Amino acid sequence: MTVELEFEKPLINLRKKLDELKLITQNADVDLTDEIEKLELRLHNLEEEIYKNLEPWDRVQIARHPNRPTTLDYINYLFEDFFECHGDRTFGDDEAIVAGIAKYKGRPVTVIGHQRGKDTKENIRRNFGMPHPEGYRKALRLMFQAQKFNRPIICFIDTKGAYPGKAAEERGQSEAIARNLFEMAGLTVPIVCIVIGEGGSGGALALGVGNHIHMLENSTYSVISPEGAASILWKDATLAKKAAESMKITAQDLKQLEVIDEIIPEVKGGAHNNIKEQANLIDTVLKKSLDELSKLSKNELVQDRYQKFAKIGQYTVE
Amino acid sequence: MLRDIFSKNKKTYATIPVPSATDDVPVGIMTKCPNCKKIMFTREIEQNMKICLHCDYHFPMNAKERLSSILDENSFAEMDKELVTVNPLGFPEYVEKVEKDRRKMKMNEAVVTGTGKIEEKPVVIAVMDSFFRMGSMGSVVGEKITRAIEKADELHLPFIIFTASGGARMQEGVLSLMQMAKTSAALKRFSDHGGLIITVMTHPTTGGVSASFASLGDFNLAEPGALIGFAGKRVIEQTIHEELPEDFQTAEFQLKHGQLDAVIHRKEMRKKISLILELHHIGGVTE
Ligand SMILES: [Zn+2]
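As they're listed, the protein sequences go chains Y and C. Using the working numbering, the letters of the first sequence correspond one by one to residues 1 to 318. Using the working numbering, the letters of the second sequence correspond one by one to residues 319 to 605.
Hint data in this document are derived by calculation from the structure and do not stem from the laboratory. Since we're looking at a predicted model, the values are computed, not measured. Accuracy of the hints is not assured; some may be wrong.
[As the list claims (entries may be wrong)] Not the full set, but computed from the structure, chain C residues with beta-carbon under 7 Å of chain Y:
{"hint": "1", "residue": "P352"}
{"hint": "2", "residue": "I363"}
{"hint": "3", "residue": "M367"}
{"hint": "4", "residue": "L371"}
{"hint": "5", "residue": "P406"}
{"hint": "6", "residue": "M423"}
{"hint": "7", "residue": "M425"}
{"hint": "8", "residue": "S457"}
{"hint": "9", "residue": "G460"}
{"hint": "10", "residue": "E461"}
{"hint": "11", "residue": "A486"}
{"hint": "12", "residue": "V492"}
{"hint": "13", "residue": "M498"}
{"hint": "14", "residue": "G512"}
{"hint": "15", "residue": "A529"}
{"hint": "16", "residue": "H559"}
Just so you know, even glycine gets a beta-carbon here, dropped at the ideal spot from N, CA and C.
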């Protein structure tokens, strides 16, 4: 499925033109090599210009791209022998979160992530990657298991947020999120969190209390969606583009606010253009993180995480 | 008996200028109960711990009122009063809005923290104030609560927090979100050291505050009728296309669904907290 993003329109038009010329050269016996070369150079320059100057709203579009790789896509490329574990042992299995054990470069790890669907049918099953309390409780169950067996935990964050539903409230959405924040803070194994798409509010943070937090170049992390912010602040959801700028939600913003550790570069035009290559780019950063954290003792890991969050925030003394 | 009270008070209403009286009660002297719609002297409500004389509705309390309703007289020593908000995202009009509430409320931020005593038992206490920026949590609120928890840890005292908040402070964006993790981490450390945590959710306790420290007490208490929940009722209705029951996300609803240890009437609160403290040894820490 090809999806055209608004800011890519000039590129798409140029590519179309280029394809037409190539077709003409093939069919009619005219030599258009010069024109084609010129156009290719123009396309290259335009690509450089557009992808180097992405606005926050453009990045939101990439982060929401329907073909954007999901947790399971990356698990497939980054780990061997993934064994998925289901259920919170209390209520049910929430497929908006996948979790399990796997090998990372030969070493056992626990992998957990929000999981969107690839099509409508899968999205319904996975509730569009928006978890219920049992999803967070499943994640926590597997984090405790990781701690028991001294395995590092890798979390992939990719959700619009915790599901705002009646049943979710009845089963204690607040408590489930709060409990994860509380317990993750005390885990004695390395935790690396990677925002791969949208990091929406408390629903994202519930898998986000890591020693290291990284973000893909075109991912976002925010307290509320741009649409939500716009409708609350200016009573107008169509001002989402403006909100995306004011709210400082891009990887670049979060790096500047000293919330995240590293920005993981994306392949040209966004992760969806080459999943395998994108997985390699993640691999480099993940390996470095785990190597660094494996040097810390259990106590140091907990202290390191505590300090990381303790220093987030800005204020002054009057 | 209820009928007697109603009829007796009916006479008092007549003295209020009509017709605007029911909708536009003169600010200060009279107050209209949003629950039973009856109008009373503000002074009477204040003398009754800000509880409606007719229907028991608990009016929101500001931080000062709350502290004096819970702590022993003159026992409170405030901490970190001097911490004030900056504008980390350069958000338009944010500074002005905070300044306005600072002047109006004569306080620096939406939470007051410090040490005090409840029936002679020393505690560290934090009280959120929903009249200040709707009690929303930005960097200062998160930092003050974290420091208060760390103080409780250091002094081996129980930590009590009265929550009242609409959730995250949007103008501080992701920094506001991260305060959820920061405060929860502080509670975890304190808890691992054996510290006693009592949370009292008052109206309203929602969003990021309900999904962090408010839900993490060894004892999760609430005031009657308080709105407690994660997502907003309107957002949920729009998502599920279904009308929600009247009592949805009230303290009573949360009690029924297993999220609270008890819903406690305001007039009982000090006594009940005192009892919990007493049952946890001096200082609330099991040696
Ligand atoms: Zn009333």
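So, going through the hints one by one against the coordinates:
Below 7 Å, beta-carbon pairs count as interface contacts, and C/P352 has none with chain Y, the closest being about 22 Å; its hint is therefore violated. The beta carbon of C/I363 is not positioned within 7 Å of any beta carbon in chain Y (closest approach about 30 Å), and the interface hint is therefore violated. Hint on C/M367 is violated. Least Cβ distance to chain Y is approximately 27 Å, over the 7 Å limit. Against a cut-off of 7 Å between C-beta atoms, the interface hint on C/L371 is violated, since the closest Cβ of chain Y lies about 32 Å away.
Hint on C/P406 holds. Least Cβ distance to chain Y is approximately 4 Å, under the 7 Å limit. With its C-beta approaching chain Y no nearer than about 15 Å, C/M423 sits outside the 7 Å limit, and its interface hint is violated. A distance limit of 7 Å between C-beta atoms decides the matter here; for C/M425 the minimum to chain Y is near 12 Å, and the interface restraint is violated. A cut of 7 Å between beta carbons decides the hint on C/S457: the least distance to chain Y is about 3 Å, and the hint holds.
At a threshold of 7 Å, the smallest CB-CB gap from C/G460 to chain Y is about 6 Å, leaving the interface hint in force. Given hint, C/E461 at the interface with chain Y, holds; its Cβ is 5 Å from that chain's nearest Cβ, closer than 7 Å. The beta carbon of C/A486 comes within 5 Å of a beta carbon in chain Y, closer than 7 Å, and the hint placing it at the interface holds. Against a cut-off of 7 Å between C-beta atoms, the interface hint on C/V492 holds, since the closest Cβ of chain Y lies about 6 Å away.
The closest approach between the C-beta of C/M498 and any C-beta of chain Y is roughly 6 Å, which is under the 7 Å cut-off, so the hint is satisfied. Taking 7 Å as the C-beta contact cut-off toward chain Y, the hint placing C/G512 at the interface is violated, the least distance being around 14 Å. Because the beta carbon of C/A529 sits about 4 Å from the nearest beta carbon in chain Y, less than 7 Å, this interface hint is met. With 7 Å as the threshold, the beta carbon of C/H559 stays out of range of chain Y, its nearest partner Cβ sitting at about 11 Å, so the hint is violated.
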